[in-house]
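Asker: Next come the chains, spelled out residue by residue.
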Amino acid sequence: MKKLLIWLPLVLCLAFVGLFASGLFKPDDRVIHSRLVGQPLPAFALPAAASDRPALASAQLATGRPRLLNVFASWCVPCAAEAPQLDALKKAGVEIDAIAIRDARPDVDAFLRRNGNPYARIGLDARSGVQIALGSSGVPETFVIDGKGRIAYQHIGDIRADDVPMILDRLKDAQ
Amino acid sequence: MIAETGLAALWLAAALALLQLVLAFAGLKGGKTELLAAVRPAAVAQGVLTAIAFAALITLFMRSDMSVLLVATNSHSMKPWLYKFAGTWGNHEGSMLLWVTVMGVAGAAVALFERALQRNAHMATLGGQAAISLGFYAFLLFSSNPFARIDPAPADGQGLNPLLQDPGLAFHPPTLYLGYVGLSVAFSFAIGALLTRQVDAAFARAMRPWVLGAWVLLTLGITAGSYWAYYELGWGGWWFWDPVENASLMPWLAATALLHSVTVLATRDALRAWTVMLAVVAFSMSMVGTFLVRSGILTSVHAFAVDPTRGSFILGLLALYIGGALALFGWRIGSVREGAPFELVSRETMLVVNNLLLTVILGLVLIGTLYPLMTEAFGHKVSVGAPYFDRIAGPIALALMVAMAAGPLTRWRKDQARAICKRLLLPLIIALLVSISLSLFAWGRIGILPFLGLVVAVAVGVASLAPLWKRKLLRTPLFTYGMVIAHMGCAVSLAGMACDSAFTVEKLVAARPGDMIQTAGWSIRFRQIMPIAGDNWTALQADMDASRGGASVLIRPQSRFFASPPTTTSEAALLTRWDGQLYVVLGEEVEGGRWQLRIWWKPFVTLIWLGGVMIALGGSMALVGRERRGWLMKWRAREALA
Amino acid sequence: MKLIIALLLALVAPPLSAQTALPPAPYADRQIADPALERKAKALMETIRCLTCQSQSIADSGASMAGDMRSQIRERIMAGEQPEAIRSWLIARYGDWVSYEPTAAPILWPLWGAPILLLGLGLLLLRGRIKRRKRA
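Chains as they are written, first to last, in the numbering used here: chain A, 28 to 202; chain B, 9 to 650; chain C, 507 to 642.
Just chain A, with the same shape it has in the complex:
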């Protein structure tokens, strides 16, 4: 018994060193993913965010065909960076809706004028209510919604050029 206790600290030390080593060599993942992936989209109805696009409600996302839901904001810098990729996706035939977080109509209009407008509908989420209900932790994020209105996949961060094929694959899988 005494022998056990004497060597216990050394064993614990080696266990902790192993733990630390595993922590060091894992990729650093500070991002919080939504737990709603695989579950139905929470119900919401948002007013229109842009002057030239209609408002957005959750029912309108269950069209029978997979579509993308892009969470963005006019004050968000990476959102401007992913505009070309969203454009490419739209050209590939993907339907994209959006939610603008903590925004106001004039700012959204200005942003869309500057960066292009690939969206069919844009909802205004002035108090992050829907963002929180979705389990989204920041902007930009893009959700793949399947035909039945379920969240199939969550992409966190801006969509890079080499992410586009992956997103197209996800849309196909969600069929």
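Simulated from the structure, these hints should not be mistaken for lab results.
All clues stand as given, with none of them false.
Using C-beta positions, here's what the derived DEER-type ranges look like:
1) B:Ala650 / A:Ala42: 56 to 66 Å
2) B:Trp89 / A:Arg140: 47 to 57 Å
3) A:Ser78 / B:Arg399: 46 to 56 Å
4) B:Ser445 / C:Ala542: 15 to 25 Å
A quick note: this is a predicted structure, and the numbers were derived from the prediction, not measured.
Where is the CB? At the ideal position from N, CA and C, for every residue including glycine.
Chain A is fixed; fit chains B and C onto it per the hints.
Answerer: Only chains B and C this time, still in chain A's reference frame:
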């Protein structure tokens, strides 16, 4: 030129550490005892050289020498001189150099001033210190060179993080480092004692002042850090169970257990294995702490931005030193004789209970801090924070306080439970009175933990004076007064914590200039808000008159903007009274020309840090008292021989 | 001259530091009138982790999302919802990570078992020591 001198001094110091280690090893193991004569001078020279290297870095920062990479990335020529000076250690390389300097200087001090140890043990200790220093020298020189140049030199630097531009930076890290790197001496003592098989009362008496000194500085460092976070971060919190804060608490817990244990070993020749183990654990926790801060594996407000390859280097050092020390412990502790026996009810047992409870809290803080890392290995993210730590550490800390009250009143070797309870009668009555009055006054409004905390704090505060009750006060030794004040400091601090938890009043208000705000008996008139400028910042400052029935006092909370790097900080306005602090924070402008204000009235919150200072004071008194007695006895012995 | 610079900077600086152009949500920084409800809301807020800052609770964070969460919590508590229901709702969306208060999830059982284990170990050590004394 200065940078090269600093770097050269560092290399020389590392070479000397290697020499010191080799000489000590050859002298003790190889039988070449004549080599041992060079060990102490090598240690002293090492201390001098590291001090030179550190002075060189400070000079580079003070001169804003932008050709040095570290200065360019962490300083700015427009900073006030205090933050140029203190900014030396406000970054990874600089603080690592501080670490190495403290180790070097501590080693030099052990070489120069330690007289009580037998020669072999002394050499083994210095050898141990050299061995540990070598690893950290290597880390500095090969992967964190503070003196690296940058070519071409930029016109000006990137500036110091504005949160660090505060007098707290000049005080908190140096005292903290002196404390927990100072514990490396205890670690080396333990290694030396295990190697030479001399774990006895003499060893404890020799180690005690070093432990006390490091512990006092560590207490001050943590107290200062807590107060700094409290007034700087603007949320009114004084402890966040942040991983880096826990990293400073764990060595403190181990060192507290160690200083009690070492006294038992010194005076009663018991608790040998505990003392050696605690000495190893204390500095091990310091090393774990420095790993956590610099590796980036845990999210923290405090962490330096360092890459994982540096983290691997420190992890290697950790495995080597802690693993090595624990292996040595396992191998050698069996041959250490058992100490003097004692009964179940005795002061020795109370101190074992004290050690156990402190170690349990340490273990729980360690597990709680690392738990998110453990679950992530299984792909699951969790958060462990104040709700867990408060609930777990709180009750055990309260039990510890009760033991702290009863311990000094228990006789060595053998005592009776009934007699101890009789001695504690007055504190127990006071505890009952406080419970009753608190229940009447604040039932349902304060949580169970703050309630118990207040009861225990008052009772233990009274009980801590008990050792003085039947003594002639002028003939009581200084170290007894030290113990009384340190224990009372714990009670005072606990009272502050409980009051803050139980009675803080918070008010959030959006006010316009001219408005009057009432809260917790205070009337605060928001007079005006205007822009002002400082050395390297601009701010919006609110002028407010706060009064509590008497004359009003002007308080000026600010919202400060720095240019390099661009940041906003909030400078809270604090108004301190005998019974608490008024804490006012200026927020953002909201619609209607109103300003967001956060106002707290925190009754007796200053007791938290007053208690911390009392603990450090008590420790210093114990240190001086013991040393003085040691000198007196030696002097008397010399007189008797003459 | 310093004053002019200060004035100019003070005018420019606030928008630079804001994360969004919109003002904070109504109950982000406004307390509930009923002190008992406010205490409940505050207690909950102090245990929800901020997604933006990650080292603070939403009660202490200045991030706009934290403000929105605070407002939502206060409004829902005013509407009569229980704090634990709100916590579960948030955990259903963000996972256990978002709650500083450990949940009853199996992966957290060792966390609760740890104090019992350590105290038990301590008692064992103490008993072993005392037994040794009695034998000696």
